[in-house]
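J.: One letter stands for each residue in the lines below.
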Amino acid sequence: MQQRRSFLPSFFLFFFLSGLIFFLSSRNFLPGENFFQNIFFSFQGGVFQVVHIPFGFFHNNALQKLQKENLALQAQLVHEKQLEEDNAALRDQFQTASIPSTSLLPATVIGAPQFIPGVGSPENLVIDKGTKSGVVGGETVIYQRNVVGTISGATDWAAQVMLVSSANSSFTAKTVGSHAQGVLSGEGEGSMVLGSVLLSDTLQVGDIVVTSGSEDGVGKGFPPGLIVGKIISVNKTPSSLYQSARVQSLLQFNKLTTVFVIKGKE
Amino acid sequence: MKFFWILGILSILLFLQTTIFSLPLVLGGLLFFCVLYKEQWIFPVGFGMGILLDMLTFHPIGLTSIFFTILLGIVFLYERKFEIQSLTFITFVTFLASLVYGLLFHEPQIFLEAVMLAVFAGGIFFAIGVGDTTTFDVMQLRKN
Numbered sequence: 004m005q006q007r008r009s010f011l012p013s014f015f016l017f018f019f020l021s022g023l024i025f026f027l028s029s030r031n032f033l034p035g036e037n038f039f040q041n042i043f044f045s046f047q048g049g050v051f052q053v054v055h056i057p058f059g060f061f062h063n064n065a066l067q068k069l070q071k072e073n074l075a076l077q078a079q080l081v082h083e084k085q086l087e088e089d090n091a092a093l094r095d096q097f098q099t100a101s102i103p104s105t106s107l108l109p110a111t112v113i114g115a116p117q118f119i120p121g122v123g124s125p126e127n128l129v130i131d132k133g134t135k136s137g138v139v140g141g142e143t144v145i146y147q148r149n150v151v152g153t154i155s156g157a158t159d160w161a162a163q164v165m166l167v168s169s170a171n172s173s174f175t176a177k178t179v180g181s182h183a184q185g186v187l188s189g190e191g192e193g194s195m196v197l198g199s200v201l202l203s204d205t206l207q208v209g210d211i212v213v214t215s216g217s218e219d220g221v222g223k224g225f226p227p228g229l230i231v232g233k234i235i236s237v238n239k240t241p242s243s244l245y246q247s248a249r250v251q252s253l254l255q256f257n258k259l260t261t262v263f264v265i266k267g268k269e
Numbered sequence: 168m169k170f171f172w173i174l175g176i177l178s179i180l181l182f183l184q185t186t187i188f189s190l191p192l193v194l195g196g197l198l199f200f201c202v203l204y205k206e207q208w209i210f211p212v213g214f215g216m217g218i219l220l221d222m223l224t225f226h227p228i229g230l231t232s233i234f235f236t237i238l239l240g241i242v243f244l245y246e247r248k249f250e251i252q253s254l255t256f257i258t259f260v261t262f263l264a265s266l267v268y269g270l271l272f273h274e275p276q277i278f279l280e281a282v283m284l285a286v287f288a289g290g291i292f293f294a295i296g297v298g299d300t301t302t303f304d305v306m307q308l309r310k311n
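Sequences listed follow chains A and B, in order.
For the working numbering, add 3 to where a residue sits in the first sequence, where the first one is 1.
For the working numbering, add 167 to where a residue sits in the second sequence, where the first one is 1.
Please note: incorrect hints may appear among the correct ones.
DEER-style ranges, computed between Cβ atoms [stated by the list, open to error]: (1) K84/A x I179/B: 47 to 55 Å; (2) I295/B x D159/A: 38 to 46 Å; (3) M168/B x N73/A: 32 to 40 Å.
What the simulated footprint calls covered on chain B by chain A, stretch by stretch (three residues with Cβ under 8 Å from a Cβ of chain A suffice, anywhere in the stretch; the number is not a length) [said to hold, decoys possible]: (4) 209-215; (5) 250-258.
What the hints contain is simulated information worked out from the structure, not anything from laboratory work.
Where is the CB? At the ideal position from N, CA and C, for every residue including glycine.
Could you build the full structure based on these sequences and the hints that come with them?
T.: Okay, here's the thing in structure tokens:
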């Protein structure tokens, strides 16, 4: 009868190797890490493009065209509203609400893992620009003036974008119509809630929600005036301290193929 | 030859997991082949796949390898005393492992993903089984 070899030497060997690599990686002492990442992210980009195509055949082209036009019109509406505010502020000579000019870095989406591809909404995107292209954590990612998310992690050749609808996302936002301020939190699966809004403020279904602005001096955080989404329902009870509203993004995150990283001032 | 096509399948699962699916497909594949073949080469395979997975998912490199190594070690320990080539075992261990993986790496919809992965693993195991739904005749597969 053949004697079975113990698996313990293999187990301990690879457990030790894994621990060693983890330790070296946490100290940034891992040689060759960037070289392998470059190879695999390039391959991942190709795989994503190939796999994404079948889901594209099921997209309604006319509907997509209308959605793009809607995005452009919403962006124009917000821009005109801010021009009005700028105009009024300049007249008063007290303040300005203009968005500071920044440069945009285009990036291709190479990964968008989701529970049911083409149907669900991803929590994160992976883009093909990393620290070698100047991308750093905390920078805002947008598409046609709509906020997509923030850079949550970056390697030399790629970066991960945490979507605004991610359960870990939270930032201040306001409505365009009534300037109601609140905290916008992601709930996952493309869903967001604008909470902590005072009862005295007005929330209306259909109102556009934009970022309040939380940018620091080096470009991290959300610039003001970026479109987050549209209010689809309002939850207001007189007995509560605050009211909230459910917000839906105007973007379909699972269909994005190109996004733009807002580069901070250097 | 078998080793290379298993590596190929796991590579495909790796790229599917990092591009379009949020399910822990590599974990399911590793457990499946570990149960199917019960051979020690699964350790270096799990180690390598863990490293690649960490690189492509922005996790600390080495963390997934540690998890896979411990998981495979537990499966081999269990295999010393009990039979693991059964539909019940593969489904149950895939479900549990996926739950722990989801908790460890803060994946969304942990329970649904664990259920789906367990169903996939169990379904494939049943589909390639030789009639019996509770045990699998690995000797026949090794001959082929």
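J.: Please go over all the hints and tell whether each is borne out by the structure.
T.: Hints, one by one, checked against the model:
1. K84/A x I179/B: 47 to 55 Å: holds (49 Å)
2. I295/B x D159/A: 38 to 46 Å: holds (41 Å)
3. M168/B x N73/A: 32 to 40 Å: violated (54 Å)
4. 209-215: This one holds; 4 residues, not fewer than the three required, reach chain A with a Cβ under 8 Å.
5. 250-258: Result for this restraint: violated, n = 0.
Checked against the numbered hints given earlier, this structure breaks hints 3 and 5; the rest are met.
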